[in-house]
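Protein chains in written order, with full-length UniProt numbering: chain A, 1 to 335; chain B, 1 to 335.
Since the hints were made in silico from the structure, they are not lab data.
Wrong hints could be hidden among the right ones.
Example chain A residues on the side facing chain B (calculated, C-beta under 10 Å, incomplete) [stated by the list, open to error]:
no., residue
1, P14
2, Y50
3, P257
4, P259
5, R275
6, D281
Idealized CB from N, CA, C, for every residue including glycine.
Number of protein chains: 2
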Amino acid sequence: MTYTAQEWQLSRRPEGRPEPADFRLVERELPAPDEGEALVRNSFLSVDPYMRVLMGTAQPGVPVYPLNWPMTGGAVGVVVASRSPGLSPGDLVLSDLGWRTAAVAPARRFTRLERVPGMPDSAFLGALGMTGLSAYVGLARIAQLEPGERVFISGAAGAVGSLAGQMARLLGAKAVIGSAGSEEKVAYLTTELGFSAAFNYKAGDVHAQLAQAAPEGIEVYFDNVGGDHLEAAIDALNLDGRAALCGAISGYHLSEPPPGPRNMIELVKKRLTLRGFEVGDHMDLHPRFARQMGSWLAEGQITFRETVEHGIKGAVDAFLGLLDGRNTGKAVVQL
Amino acid sequence: MTYTAQEWQLSRRPEGRPEPADFRLVERELPAPDEGEALVRNSFLSVDPYMRVLMGTAQPGVPVYPLNWPMTGGAVGVVVASRSPGLSPGDLVLSDLGWRTAAVAPARRFTRLERVPGMPDSAFLGALGMTGLSAYVGLARIAQLEPGERVFISGAAGAVGSLAGQMARLLGAKAVIGSAGSEEKVAYLTTELGFSAAFNYKAGDVHAQLAQAAPEGIEVYFDNVGGDHLEAAIDALNLDGRAALCGAISGYHLSEPPPGPRNMIELVKKRLTLRGFEVGDHMDLHPRFARQMGSWLAEGQITFRETVEHGIKGAVDAFLGLLDGRNTGKAVVQL
Numbered sequence: 001m002t003y004t005a006q007e008w009q010l011s012r013r014p015e016g017r018p019e020p021a022d023f024r025l026v027e028r029e030l031p032a033p034d035e036g037e038a039l040v041r042n043s044f045l046s047v048d049p050y051m052r053v054l055m056g057t058a059q060p061g062v063p064v065y066p067l068n069w070p071m072t073g074g075a076v077g078v079v080v081a082s083r084s085p086g087l088s089p090g091d092l093v094l095s096d097l098g099w100r101t102a103a104v105a106p107a108r109r110f111t112r113l114e115r116v117p118g119m120p121d122s123a124f125l126g127a128l129g130m131t132g133l134s135a136y137v138g139l140a141r142i143a144q145l146e147p148g149e150r151v152f153i154s155g156a157a158g159a160v161g162s163l164a165g166q167m168a169r170l171l172g173a174k175a176v177i178g179s180a181g182s183e184e185k186v187a188y189l190t191t192e193l194g195f196s197a198a199f200n201y202k203a204g205d206v207h208a209q210l211a212q213a214a215p216e217g218i219e220v221y222f223d224n225v226g227g228d229h230l231e232a233a234i235d236a237l238n239l240d241g242r243a244a245l246c247g248a249i250s251g252y253h254l255s256e257p258p259p260g261p262r263n264m265i266e267l268v269k270k271r272l273t274l275r276g277f278e279v280g281d282h283m284d285l286h287p288r289f290a291r292q293m294g295s296w297l298a299e300g301q302i303t304f305r306e307t308v309e310h311g312i313k314g315a316v317d318a319f320l321g322l323l324d325g326r327n328t329g330k331a332v333v334q335l
Numbered sequence: 001m002t003y004t005a006q007e008w009q010l011s012r013r014p015e016g017r018p019e020p021a022d023f024r025l026v027e028r029e030l031p032a033p034d035e036g037e038a039l040v041r042n043s044f045l046s047v048d049p050y051m052r053v054l055m056g057t058a059q060p061g062v063p064v065y066p067l068n069w070p071m072t073g074g075a076v077g078v079v080v081a082s083r084s085p086g087l088s089p090g091d092l093v094l095s096d097l098g099w100r101t102a103a104v105a106p107a108r109r110f111t112r113l114e115r116v117p118g119m120p121d122s123a124f125l126g127a128l129g130m131t132g133l134s135a136y137v138g139l140a141r142i143a144q145l146e147p148g149e150r151v152f153i154s155g156a157a158g159a160v161g162s163l164a165g166q167m168a169r170l171l172g173a174k175a176v177i178g179s180a181g182s183e184e185k186v187a188y189l190t191t192e193l194g195f196s197a198a199f200n201y202k203a204g205d206v207h208a209q210l211a212q213a214a215p216e217g218i219e220v221y222f223d224n225v226g227g228d229h230l231e232a233a234i235d236a237l238n239l240d241g242r243a244a245l246c247g248a249i250s251g252y253h254l255s256e257p258p259p260g261p262r263n264m265i266e267l268v269k270k271r272l273t274l275r276g277f278e279v280g281d282h283m284d285l286h287p288r289f290a291r292q293m294g295s296w297l298a299e300g301q302i303t304f305r306e307t308v309e310h311g312i313k314g315a316v317d318a319f320l321g322l323l324d325g326r327n328t329g330k331a332v333v334q335l
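Required output: the full structure, derived from the provided sequences and hints.
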């Protein structure tokens, strides 16, 4: 038996904003699974900002996508055939073998999932997956949010930001301020997600809008954007403030990097901590997160949106839309 | 009995680099000490980079020097008269009542010091004082230096930097790289202080010189300078690297702040932590530091230099010389 799969490859490293021509959709016959392997048909693929980094040039200790090789990323799929005792046809599994319609791989590359009543399978790529864990790690471990603190979240209508804002409130923040790139997203933050205040960063100066939304400053900044947001947040942070740097979309697709924050001296004056993180380094928090998130979702305390692109052909578009801020909530590709 | 003291006051807030005209030397008659007070004649005054921040505009939670009021700072002095049981004439004491020849204050403002054989009294403002503690806190607590790591120290011939470099080696660093502002200082670092490598940041591009001095990168950066040094260090830091931001002289006397690091995205890619600190928040480490530093000094493991200005009239010059990088090691004023 053979199985025909389609897979996206990076055909050249993007300069600045990636273009469709940087990618190639390749058709390939997959072999039947060997002893210990399984064949999985993907049903949802994840597209995430960090992938832009993996498209860039290699640096010591920072792996990138090889050229002309199937890209990787989160995926939820269903086992079609298995020669491993741990997996049976029909099983729902999570893997990092995304950007393709199907994959044959050793069984250890797949994690069996239990379906959650009322949740779409794609939630394992979002609220219940690495996206939700990113929000949790950033708030709980990196920024060490304490009850009663004020939190600012940039890119707050995005996948991670929208979960981080709701979590911050549930973890006891007394104020949660968000920024987003349209009036519609701003309304979504305050009316549906329970943010205390929000502003449209395209409608005016970030610095002035943040100062107005948080007149007494903030203790925690969750950064999804970088650039002028980071500079404004450094000014708004109070003594002993912490910033968790989860991503920096504003810089990902610029070949000329954005100007850096001119107020770094505030780190000394106000004893601030800026810390970048990669969720994969914090998998030890996953069990605690999964329990907590499972109960928040079951109680209806957290809501989420998805931007769904349909069909493998649309994966690059979904990714570019993410970089351009066209998505609200988690961006996924449904196959 | 009255006692005539001279004291420096800030007469206006400096724009950019402070000028002598921003300060005023005032003569004042001190009252005799009241019950519980002591009169102390200062013998050494400390001038430190952080004082530039205190000359600036007030921000919430960040106290500054009031105008037309005696400035404060570290000082070592001798008790002249006391109406407190804890202090006797002739006692050597430490206080924050610097920038003046003498002071009358409640006894709790003065800490009695034990003279250390072979050490000048000024050492309590430098190696044995807040300067040494700053180096220790930055390495041990803020950057969490581990044995076997590589450390870069900017402004390494300065008061804090020269101690931090020697301490890093004693704490087990496998390489200690320093930058300084003249060939003479660079030679001092490698020949007298035991730095593994050093470069003159005025002789070429910091980024290129650091890359050459640390071809395999660094794990820890101790920042005394800010600006282009910080950007270069962010590029040189390896995965999970930490930067302790102790001061940023390059930005202190600019009214237009220096450009910020354009590579903040590296914080996410390499999971870096940047943390500013103020030594006064970490006095709990003082006992551990004092024991450790005392034995290093007694064993001759740590050496230090001082740049000494003589006379109260020279205090402002000593401070401006510090901002201009004219000092090597700790800058003090001897009265």
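To see whether the hints hold, each was checked on the structure:
A distance limit of 10 Å between C-beta atoms decides the matter here; for P14(A) the minimum to chain B is near 15 Å, and the interface restraint is violated. Among the interface hints, the one on Y50(A) holds; its C-beta lies about 8 Å from the nearest C-beta in chain B, closer than the 10 Å criterion. Checking P257(A) against chain B by beta carbon gives a least distance of about 4 Å; that is within 10 Å, so the hint holds. Below 10 Å, beta-carbon pairs count as interface contacts, and P259(A) has one with chain B at about 6 Å; its hint therefore holds.
Using the Cβ-Cβ criterion of 10 Å, the hint placing R275(A) at the interface with chain B is satisfied: the shortest such distance is roughly 4 Å. With a cut of 10 Å, the hint placing D281(A) at the interface with chain B holds, because the nearest CB-to-CB distance is about 6 Å.
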